[in-house]
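Trainee: One letter stands for each residue in the lines below.
There are 2 protein chains.
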Amino acid sequence: MEVEKESNEYFSSYEDLEVHRLMLEDEPRTLAYQNAILSNEAYFKDKVVMDVGCGTGILSIFCAQAGAKKVYAVEASDLANLAKEVVKENGFDEIIEVIHSRVEDVILPDNMKVDAIISEWMGFYLLHEGMLDSVIAARDKFLKDGGEMFPESATIYIAPCSIPSLYDKWDNLYGVSMSTFAKCLRQNKSNKPEILNVKPADLLGPQVALCWINLKENKMSDLDKYSIQHVVGARKSGFYQGLCVWFECKFPGQLNNGENGAVVLDTSPESPATHWKQTVIVLPHSYEVEEGDPIAFQLDMTRDAVNRRRYNLQVTILDPETVDHPLPCTCHMTRCILIKIFMEQQAEKELETHAKYEGNVIEDEDIDEV
Amino acid sequence: MEVEKESNEYFSSYEDLEVHRLMLEDEPRTLAYQNAILSNEAYFKDKVVMDVGCGTGILSIFCAQAGAKKVYAVEASDLANLAKEVVKENGFDEIIEVIHSRVEDVILPDNMKVDAIISEWMGFYLLHEGMLDSVIAARDKFLKDGGEMFPESATIYIAPCSIPSLYDKWDNLYGVSMSTFAKCLRQNKSNKPEILNVKPADLLGPQVALCWINLKENKMSDLDKYSIQHVVGARKSGFYQGLCVWFECKFPGQLNNGENGAVVLDTSPESPATHWKQTVIVLPHSYEVEEGDPIAFQLDMTRDAVNRRRYNLQVTILDPETVDHPLPCTCHMTRCILIKIFMEQQAEKELETHAKYEGNVIEDEDIDEV
Numbered sequence: 001m002e003v004e005k006e007s008n009e010y011f012s013s014y015e016d017l018e019v020h021r022l023m024l025e026d027e028p029r030t031l032a033y034q035n036a037i038l039s040n041e042a043y044f045k046d047k048v049v050m051d052v053g054c055g056t057g058i059l060s061i062f063c064a065q066a067g068a069k070k071v072y073a074v075e076a077s078d079l080a081n082l083a084k085e086v087v088k089e090n091g092f093d094e095i096i097e098v099i100h101s102r103v104e105d106v107i108l109p110d111n112m113k114v115d116a117i118i119s120e121w122m123g124f125y126l127l128h129e130g131m132l133d134s135v136i137a138a139r140d141k142f143l144k145d146g147g148e149m150f151p152e153s154a155t156i157y158i159a160p161c162s163i164p165s166l167y168d169k170w171d172n173l174y175g176v177s178m179s180t181f182a183k184c185l186r187q188n189k190s191n192k193p194e195i196l197n198v199k200p201a202d203l204l205g206p207q208v209a210l211c212w213i214n215l216k217e218n219k220m221s222d223l224d225k226y227s228i229q230h231v232v233g234a235r236k237s238g239f240y241q242g243l244c245v246w247f248e249c250k251f252p253g254q255l256n257n258g259e260n261g262a263v264v265l266d267t268s269p270e271s272p273a274t275h276w277k278q279t280v281i282v283l284p285h286s287y288e289v290e291e292g293d294p295i296a297f298q299l300d301m302t303r304d305a306v307n308r309r310r311y312n313l314q315v316t317i318l319d320p321e322t323v324d325h326p327l328p329c330t331c332h333m334t335r336c337i338l339i340k341i342f343m344e345q346q347a348e349k350e351l352e353t354h355a356k357y358e359g360n361v362i363e364d365e366d367i368d369e370v
Numbered sequence: 001m002e003v004e005k006e007s008n009e010y011f012s013s014y015e016d017l018e019v020h021r022l023m024l025e026d027e028p029r030t031l032a033y034q035n036a037i038l039s040n041e042a043y044f045k046d047k048v049v050m051d052v053g054c055g056t057g058i059l060s061i062f063c064a065q066a067g068a069k070k071v072y073a074v075e076a077s078d079l080a081n082l083a084k085e086v087v088k089e090n091g092f093d094e095i096i097e098v099i100h101s102r103v104e105d106v107i108l109p110d111n112m113k114v115d116a117i118i119s120e121w122m123g124f125y126l127l128h129e130g131m132l133d134s135v136i137a138a139r140d141k142f143l144k145d146g147g148e149m150f151p152e153s154a155t156i157y158i159a160p161c162s163i164p165s166l167y168d169k170w171d172n173l174y175g176v177s178m179s180t181f182a183k184c185l186r187q188n189k190s191n192k193p194e195i196l197n198v199k200p201a202d203l204l205g206p207q208v209a210l211c212w213i214n215l216k217e218n219k220m221s222d223l224d225k226y227s228i229q230h231v232v233g234a235r236k237s238g239f240y241q242g243l244c245v246w247f248e249c250k251f252p253g254q255l256n257n258g259e260n261g262a263v264v265l266d267t268s269p270e271s272p273a274t275h276w277k278q279t280v281i282v283l284p285h286s287y288e289v290e291e292g293d294p295i296a297f298q299l300d301m302t303r304d305a306v307n308r309r310r311y312n313l314q315v316t317i318l319d320p321e322t323v324d325h326p327l328p329c330t331c332h333m334t335r336c337i338l339i340k341i342f343m344e345q346q347a348e349k350e351l352e353t354h355a356k357y358e359g360n361v362i363e364d365e366d367i368d369e370v
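In order, the protein sequences belong to chains F and Z.
Numbering-wise, UniProt numbering puts 315 at position 315 of the first sequence, and it's gapless, one number per residue.
Numbering-wise, UniProt numbering puts 300 at position 300 of the second sequence, and it's gapless, one number per residue.
Rather than coming from a laboratory, the hints here were simulated on the basis of the structure.
Any given hint could turn out to be false.
To be verified - Straight-line Cα separation of at most 27 angstroms, DSSO-like style, residue types lysine-lysine; simulated pairs:
#1 Z:Lys-277 / F:Lys-277
#2 F:Lys-169 / Z:Lys-277
#3 Z:Lys-189 / F:Lys-88
#4 Z:Lys-225 / Z:Lys-189
Every value quoted in this text rests on a predicted model; they were computed, and no experiment measured them.
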């Protein structure tokens, strides 16, 4: 009874706890961090680490398990009190120091710098309600020259998609037509994008990167706006109804040996589902496309002027005739087909030259270089 | 484009629409209503029906499909505007009249009475945030003598259970001990019961009915408090960690012929999952029990004095020695074992008497009657 009473002291809000429960139960997420840290044990040994927004403290504990000398676990919310207990319960209270503070206000003893910063700062479509600004501030203030960021980079991908859950069944639901209802549902999405697990089969075209964020170098102002104009050829016939957005984070790998490749946390429709799912920007209409049809769009992701932790996502449907297509382009417009054939012929010629110079050994690497 | 603009007129809040989407996508729920109505087509033919809290209007449409002469579809929220469009889209605007009003304020032409009231008023554990009061008010004001209620009765069941999701994994989550976190999670549940899908295997004892609500007869004040004191024998060894609460609704069946039995909407752990899931009242501690151990508890479900749409659920753990056990009781206390043996012997004797009087034909029915 007494133990239960005590834990009231570090009582956090119901919502906070449920969010952290969701994150802890998200295996692809938590295992990516665990792998990234424990596969770099030799790197972490005797290092000083900062965990920005430590939450329940689990990432700090992974660092301590990997041999870190000191971990500063910074948490602004009341969850810091809970993190202290979790750290104690795991016997790391000598190594992990939980600091209940905004990271911007933290002062380390002797203005010490840290070897690595670890943080799980990602929100929906990477940047929504995320705390990347705080991570960048922490990096500028606390990271040693040559220090490591976990993760070290993040990429946002987009691809055109169908959204059957907002279209298909509503015309005949239990023998009733609910089209008006579905129309309202879709209209609502113009205010709030849809968060759902997109089936790989509902992707209509290849993905394209909207941005690549280098956690070691990008400045806060770099995050203010990302834009892309793009054309893809539909890879099958179907209904183009939205843009699917997801992200991927890469952790530093092979810091000490060549055995482990980089660990990647991938939230694409093709990867195991995470609590981030995918974000879909719903178009105002459904467009029927045939295989090879060019799909041209512009996506602007702009920080909200008022709430700096939010972004406005705006899709503009473009005319494929007036937009630059990528080289090569997968669409079936005559220009793109000709360019594609030309480029393939060039590639073949170069391969022949390679083969001439290097014998018959043509490795994958060579093909990639072409 | 114009159609999309128009539908802004009956724009409902994002949350409202998502709640109704969840309910429409809940097949056991919606199919139960559809079956209850369409299996009673002969009854509904030319009847006047009221749908209390019609939402998107789908239940009213089922009634119209079943041949109702007139349906008054009452909806207090702005969703009424959407319901009007859905009704129109299904060609029933001559039969279904959507009334945008609280049902308490509705006046029907010539103070007309209706033959049947249909409503999907159920909340978590049946009564949470439900609108049963409004349904009862509508019944008293609008239902003809001998009219039908869809559903006509509802039962709340409880059973002791384990809650592995709040206990098991947290001692070793990815190699980290998160016991303090789990303790906080469980503590939070003292303020807000856990809504989750309980696995049948996690039920530790047989269910018992907390209450049976007769929609045709119960008064509003009958809903103010339900209490039960009960003892069950654990049907297997395990950890007693909570009380699982669910409900079942029964619809009028065989109104016109003997072919169709009553339709039941059952939200028990053994039935297909619904959006109500089950509600679990989490105990402050985990109790290890052996098969046959008596589990004694009292559950009080009391209307909140301030928010009359909410209930306070209070569990009291009782001493099995000082509580009346049911007859027979499945627990392994000597008294109960002896009583059970005695009752079984009596039953056997009665069966023999039956056999003597009625020959050798002993049907299930006879056994049930004993």
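Trainee: Give a verdict on every hint.
Mentor: How the hints compare with the structure:
Simply put, Lys-277 (chain Z) and Lys-277 (chain F) have alpha-carbon atoms about 22 angstroms apart, close enough for the 27 angstroms limit, and the pair holds. The hinted pair formed by Lys-169 (chain F) and Lys-277 (chain Z) meets the criterion: a straight-line CA distance of about 23 angstroms does not exceed 27 angstroms. Between Lys-189 (chain Z) and Lys-88 (chain F) the alpha-carbon distance is near 24 angstroms, which keeps this suggested pair within the 27 angstroms criterion. Our distance criterion of 27 angstroms between C-alpha atoms is met by Lys-225 (chain Z) and Lys-189 (chain Z), whose separation comes to about 21 angstroms.
In this structure, none of the earlier numbered hints is contradicted; all agree with it.
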